[in-house]
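Go ahead and model the full structure; you've got the sequences and the hints to work with.
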Amino acid sequence: MFLLLPSANLIVSLLGISLTVLFTLLLVFIIVPAIFGVSFGIRKLYLKTLLKIFAWATSRMERGAKENHHQLYKPYTNGIIAKDPTSLEEEIKESRRSGSSKALDNTPEFELSDIFYFCRKGMETIMDDEVTKRFSAEELESWNLLSRTNYTFHYISLRLTVLWGLGVLIRYCFLLPLRIALAFTGISLLVVRTTMVGSLPNGRFKEFLSKHVHLMCYRICVRALTAIITYHDRKNRPRDGGICVANHTSPIDVIILASDGYYAMVGQVHGGLMGVIQRAMVKACPHVWFERSGVKDRHLVARRLTEHVQDKSKLPILIFPEGTCINNTSVMMFKKGSFEIGATVYPVAIKYDPQFGDAFYNSSKYGMMPYLLRMMTSGPIVCSVWYLPPMTRQAEEDAVQFANRVKSAIARQGGLVDLLWDGGLKREKVKDTFKEEQQKLYSKMIVGNHEDRSRS
Amino acid sequence: MGSRASTLLRDEELEEIKKETGSASGFLLHELGEDNYQNSLSHPSTREVSHSQITRLYSRFTSLDKGENGTLSREDFQRIPELAINPLGDRIINAFFPEGEDQVNFRGFMRTLAHFRPIEDNEKSKDVNGPEPLNSRSNKLHFAFRLYDLDKDDKISRDELLQVLRMMVGVNISDEQLGSIADRTIQEADQDGDSAISFTEFVKVLEKVDVEQKMSIRFLH
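Keeping their order, the protein sequence lines are chains W and F.
Using the working numbering, read the first sequence as starting at 1 and increasing by one per residue.
Using the working numbering, read the second sequence as starting at 1001 and increasing by one per residue.
All clues given are correct.
Covered stretches of chain W, going by a simulated chain F footprint (3 or more residues, C-beta under 8 Å):
#, stretch
1, 113 to 125
2, 129 to 136
3, 418 to 432
4, 439 to 445
Since the hints were made in silico from the structure, they are not lab data.
As the structure is a computational prediction, the values presented were derived from the model and not from experiment.
Beta carbons: idealized from backbone N, C-alpha and C, even for Gly.
And the structure:
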């Protein structure tokens, strides 16, 4: 028992020293550059090393698979079946031509074979549909050394397992505490200083301070997540009095965009830690937080947005028109609210590189805290941000068409699939009106022919 | 978080699925074990293609299975938006569930989907003495026939045809018009005068239609 005392002292003092060293390192290498927006390039080095390791791991796995005559399972993101692109009209016309045993000019109204079209289409969607796969994480073609993405890459070789084990060690024991320390610093600084700034009287000084406080804290958070971001076309960055729209994959999008510019944000009210942060932020800067389910809130938001953009000196607004997180393989329907206001729209496309870490936030499966923890224990987050040229609503198009135009531009730039489906389908059922449209189309086909016949 | 392609299928189920769906290759070898995999190695390489097809379909099955209990319910199917807007969506979903049951396992899922395999796959594996494969022309027609035949009495009566037509056209056509369409269809097809369409009459009406092409789904890989 007495022998423990001096060694305990030794351990404690060692711990103290290492902590001090760690924090000094943190300060010098990470926080100070964050304040000034400078980078040492450590993260890029990390990235290059990881890429080399992945390439080696993949070749090793392929070799292992060949040796054992297995087939390496590769999930295909482009769909597994050949979908017939013919429409209802074409199909029915064709079946009338070939299947009918009557004279050619006597087009029948309804054929028993019409059912084949609906049947096949239904089966195709059961095997592979465009919508449901957007709400779960993208499957990777090759393993990225994280056990969470390991579906079928089973034990192949000792070296690979060792590498994976080493990765786990580094990620959990070295990177995780570092990241948590950084995140903690970043968030607490944000909360404390926005509250301080909030107590100042309104004016240019307050705005100036709030901008810089926000910027600095976001930069620290970016480093906390080891995010390596490439900004393209920075000359198109959103300007005052405009609205910035982007595709939504996770709450990290906010950090990524806001560390490169000053925005006023619009978003849903959250509880817990996010709520605390939101309440602090709104003291320093006029962000808009609302309840998604409140109808009155929506009108309020629309009104406030209109007021905000009419004042040209105000910060640009950042909004995610999809309304929910999508898994970064596609862009879903944009809600028309932000496109009705009549301000200049600055589209931004954000594309995460899935090889390094899946950033998709599946809110129906995980809460915010587990999600953040997952983010911090995985590799770096690599993404590209494209600032697209500003767009305004043309005279002849309405808000919905304008929204679709912006959506297509973002999808094209980011290499994402442009879908017309509503992101709300993640949680809700599809509206019956779509089915009714299909029924109407088919009715026209069998009744329309009837009219032709009665005329001739 | 994505779908798990590792199977939880037991060996007996595996064997049954192989026989029924006509794909004779093994599943993911790791789960099957070495013996079973060695068996599959002796089969011609054309079977290897369906190995990966089954893997993908199992992956799809698990991603639809939100309750994660190894079976699908009707709600799981209705969650697919493109299927929910299909006018015959409910009839198609019904085809998966055997009489009186509310859950379908992977084996049942594969059985139903097997009807849609392209017919030329069978050319490579002619088994004259075995049962007719699920994706033969006759079985494809039978599948479509069952979509019409609501009460499963092997006849499509006027009422059943009316109901299915009503599903397909919604509210856009009047009852009288729909009735006359149904009458005309039965009149043209009916040969034995019972005012209903039996399966043989159904086949006769559709003998010129390229059923193989219309009721087949091709895999990309």
